[in-house]
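Asks: For the sequence shown, the residue numbers in our numbering are 1 to 430.
Just to be clear, a hint being listed does not mean it is correct.
[To be verified] Cross-link-like lysine-lysine pairs, in silico, DSS-like; alpha carbons within 25 angstroms at most:
#, residue 1, residue 2
1, K281, K118
2, K118, K285
3, K281, K127
4, K174, K195
5, K174, K184
6, K174, K373
7, K170, K373
8, K372, K195
9, K372, K127
10, K170, K185
11, K281, K74
12, K174, K372
13, K174, K185
14, K118, K372
15, K195, K185
16, K195, K72
17, K195, K170
18, K118, K174
19, K281, K72
20, K118, K74
21, K195, K184
22, K74, K285
23, K72, K285
24, K74, K127
25, K170, K184
26, K195, K281
[What the hints assert, rightly or not] Here are the simulated distance ranges between beta carbons:
#, residue 1, residue 2, range
27, D374, Q204, 17 to 25 angstroms
28, R37, Q258, 32 to 40 angstroms
29, P310, K74, 30 to 38 angstroms
30, D391, E228, 48 to 56 angstroms
To be clear, the hints were calculated from the coordinates, so they are not data collected in a lab.
From a predicted model like this one, the values you see are computed outputs, not experimental measurements.
Just so you know, even glycine gets a beta-carbon here, dropped at the ideal spot from N, CA and C.
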Amino acid sequence: MKRKPISSGARKLGWLVVSCAAFALMPGSGFGQAPVRITLDDAIRLALEHNHSLLAARTTIQQSEAQEITAKLKPNPVLFADWEYLPIFTPSAWSSTYLHDSTEVDAGLSYLIERGGKRSRRFAAAKDVTAVTRSLVTDNERTLTFQVAALFIDVQLAESTLELAREDLKSYEKTVELGELRYKKGAISEDDYLKIDLQLLQFQNDVAQAELGRVQALSDLRNQLGYESVPADYDVAGVFDYGPVRGNLEDFQMKALQTRPDYRAAQQGVTSANSQYLLAKANGKQDVTVQANYSHVNGLNAASFLFSIPLAIHNRNQGEIGRTRFAITQSQQQEQATNNQVLTDVRDAYEGFQTNDRIVQLYRSGYLDRAKKDRDISEYAYQRGAINLLDFLDAERSYRATQLAYRQAIASCLLALEQLRTAVGSRSLP
Numbered sequence: 001m002k003r004k005p006i007s008s009g010a011r012k013l014g015w016l017v018v019s020c021a022a023f024a025l026m027p028g029s030g031f032g033q034a035p036v037r038i039t040l041d042d043a044i045r046l047a048l049e050h051n052h053s054l055l056a057a058r059t060t061i062q063q064s065e066a067q068e069i070t071a072k073l074k075p076n077p078v079l080f081a082d083w084e085y086l087p088i089f090t091p092s093a094w095s096s097t098y099l100h101d102s103t104e105v106d107a108g109l110s111y112l113i114e115r116g117g118k119r120s121r122r123f124a125a126a127k128d129v130t131a132v133t134r135s136l137v138t139d140n141e142r143t144l145t146f147q148v149a150a151l152f153i154d155v156q157l158a159e160s161t162l163e164l165a166r167e168d169l170k171s172y173e174k175t176v177e178l179g180e181l182r183y184k185k186g187a188i189s190e191d192d193y194l195k196i197d198l199q200l201l202q203f204q205n206d207v208a209q210a211e212l213g214r215v216q217a218l219s220d221l222r223n224q225l226g227y228e229s230v231p232a233d234y235d236v237a238g239v240f241d242y243g244p245v246r247g248n249l250e251d252f253q254m255k256a257l258q259t260r261p262d263y264r265a266a267q268q269g270v271t272s273a274n275s276q277y278l279l280a281k282a283n284g285k286q287d288v289t290v291q292a293n294y295s296h297v298n299g300l301n302a303a304s305f306l307f308s309i310p311l312a313i314h315n316r317n318q319g320e321i322g323r324t325r326f327a328i329t330q331s332q333q334q335e336q337a338t339n340n341q342v343l344t345d346v347r348d349a350y351e352g353f354q355t356n357d358r359i360v361q362l363y364r365s366g367y368l369d370r371a372k373k374d375r376d377i378s379e380y381a382y383q384r385g386a387i388n389l390l391d392f393l394d395a396e397r398s399y400r401a402t403q404l405a406y407r408q409a410i411a412s413c414l415l416a417l418e419q420l421r422t423a424v425g426s427r428s429l430p
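Please put together the full structure from these sequences, using the hints given.
Replies: See the structure below:
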């Protein structure tokens with residue numbers, strides 16, 4: 001049997017199908033792939049790379065470095081020239097003889113010589129300002145890291161709450177089915193069945209609220225990460241739990257004083273204040289202006305040299321020198337205040353973690369098991385008519401409340417741990 005030749009249109013359609021299938025299988029094509037899942041470390045890294053507020057703050061370092069260039073520059077020399085007594089309104093007088101013998105030409109060059117080491121003092125003061133700026137930007141990174149961690153924990157809590165709500169809904173749907181069966185058999189009244197059925201609305205509402213909480217938490221986190229850094233359907237990954245923290249309060253406080261960028265900025269602020277004071281004293285020194293002139297007057301050539309310096313009779317920069325002297329005291333007090341704040345932050349965070357950890361351990365010591373056992377016993381007893389409907393629903397509510405409170409306790413403990421890391425100024429605790 002003779003085969004019919006394939007038309008060009010069919011051949012093109014076949015190539016199109018093959019190309020689409022190949023594209024769908026390519027990595028990163030987006031077809032058939034699961035949503036992007038990020039860990040807490042990934043979230044912090046993305047925020048440090050893409051958060052627009054932080055990127056804007058980092059430009060202040062570059063601006064300060066540009067000011068260092070300005071501070072290090074030397075004064076420009078001044079060139080001046082003039083040509084006087086030109087016969088502009090008597091054109092007939094223009095001649096080479098008149099220009100040579102009857103006009104005056106002056107040219108000169110002047111330069112300001114800075115005294116007192118002003119340029120080196122300006123440069124040192126600018127570098128100290130840059131150091132403070134760099135530490136403050138690092139402190140912004142520390143604050144952003146905590147904000148991202150807190151939002152990440154919110155997402156984990158929302159997803160855990162959603163999981164609990166779905167499990168409760170699925171379990172209660174079975175109760176409703178059983179209640180309907182018992183009602184049809186005459187084991188319970190219509191009123192009891194309606195109460196069971198109406199209670200289902202609360203479980204459905206819990207699921208809807210939990211879904212909304214998850215969507216909003218993911219949206220808030222994405223805003224901090226940089227909206228374009230993750231796709232819209234991303235998700236988080238990681239165990240919703242925590243481990244023990246080793247170390248005592250004194251160790252944490254000592255490390256905080258070594259690592260906290262805001263305390264380092266306060267220390268550098270004292271250095272910067274001293275630099276400003278030395279610059280103010282240098283600015284009190286009077287600068288010298290030297291000048292060399294050439295003149296051509298009435299056919300004669302002449303040269304002159306000038307020297308000038310202000311007489312420091314009234315203004316010797318006394319006010320700025322006095323202000324910067326008091327600014328040193330101000331920065332020293334701010335350094336001490338920051339020191340105290342660091343120690344207080346660490347202590348508050350440490351005590352907060354210890355308290356939240358004890359609460360979680362209380363739940364794990366048996367209260368979770370008791371709540372579940374009470375719910376199971378009540379369900380078993382209700383199904384056999386040993387207890388009334390209200391007792392069963394009360395046990396169900398108590399179980400849900402205990403489970404939700406336990407998840408919130410874990411979230412509080414995780415948040416307290418992040419507060420401790422932020423207070424210490426390091427992700428790794430001693």
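Asks: Which of the listed hints are not met by the structure?
Replies: 9, 14, 16, 18, 26 and 29
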